[in-house]
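**Student:** I would like the entire structure built from these sequences, with the hints used as guidance.
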Amino acid sequence: MNGYPRDIFDEMDEMMDHLFTQMQGSMLSIDQPATGYRIVIENFGNTGFPGREEPVAPSRVSAHPVPEVHRIDDEVKVIAELPGASPESITLDLQGSIIVIDAGGPDMPYHTTAELPAVDPDSLQKTFRNGVLEVTLHALPEKPADTQG
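Residue numbers (the working numbering): 3 to 151.
Since the hints were made in silico from the structure, they are not lab data.
Cβ-Cβ distance ranges computed for the label pairs, FRET-style: (1) E90 with E117: 25 to 31 Å; (2) H140 with G107: 30 to 36 Å; (3) V68 with M18: 32 to 38 Å.
Where a beta carbon is used, it is the ideal one built from N, C-alpha and C, also for glycine.
**Tutor:** Below you can see the structure in the form of structure tokens.
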């Protein structure tokens with residue numbers, strides 16, 4: 003089949019191979035943390051037993067949003083969705099490299115934590131708009147890796 007135009011399917015195969023090679027180079031490395039979701043199983047609804055007068059109710063039902071943590075230049079941003087919470091109900095607590103976020107009221111309390119890189123705790127600033135909490139902290143310089151062998 004020399005002299006004929008290349009088969010379009012061969013060209014598509016080569017393009018796909020090229021795209022997959024590029025995607026593999028841009029995938030997360032093992033050194034980069036991956037984030038995900040947290041599953042919390044709690045009792046809800048009619049949890050009473052037949053013959054009992056009152057259903058058994060959980061002592062406290064709370065939501066556990068998964069915050070996003072981003073390091074951008076010399077800042078660390080923590081973003082958490084807290085729908086229905088008020089700015090006055092939000093409390094933040096830095097415990098070493100962990101930030102603890104509590105918010106909401108008795109009907110829907112929120113509680114979550116996130117691990118942070120080294121930050122200056124005195125630089126903490128928060129904004130809360132449309133149910134989204136954004137916490138900004140000044141990132142401290144990263145310590146160089148130990149080169150002793």
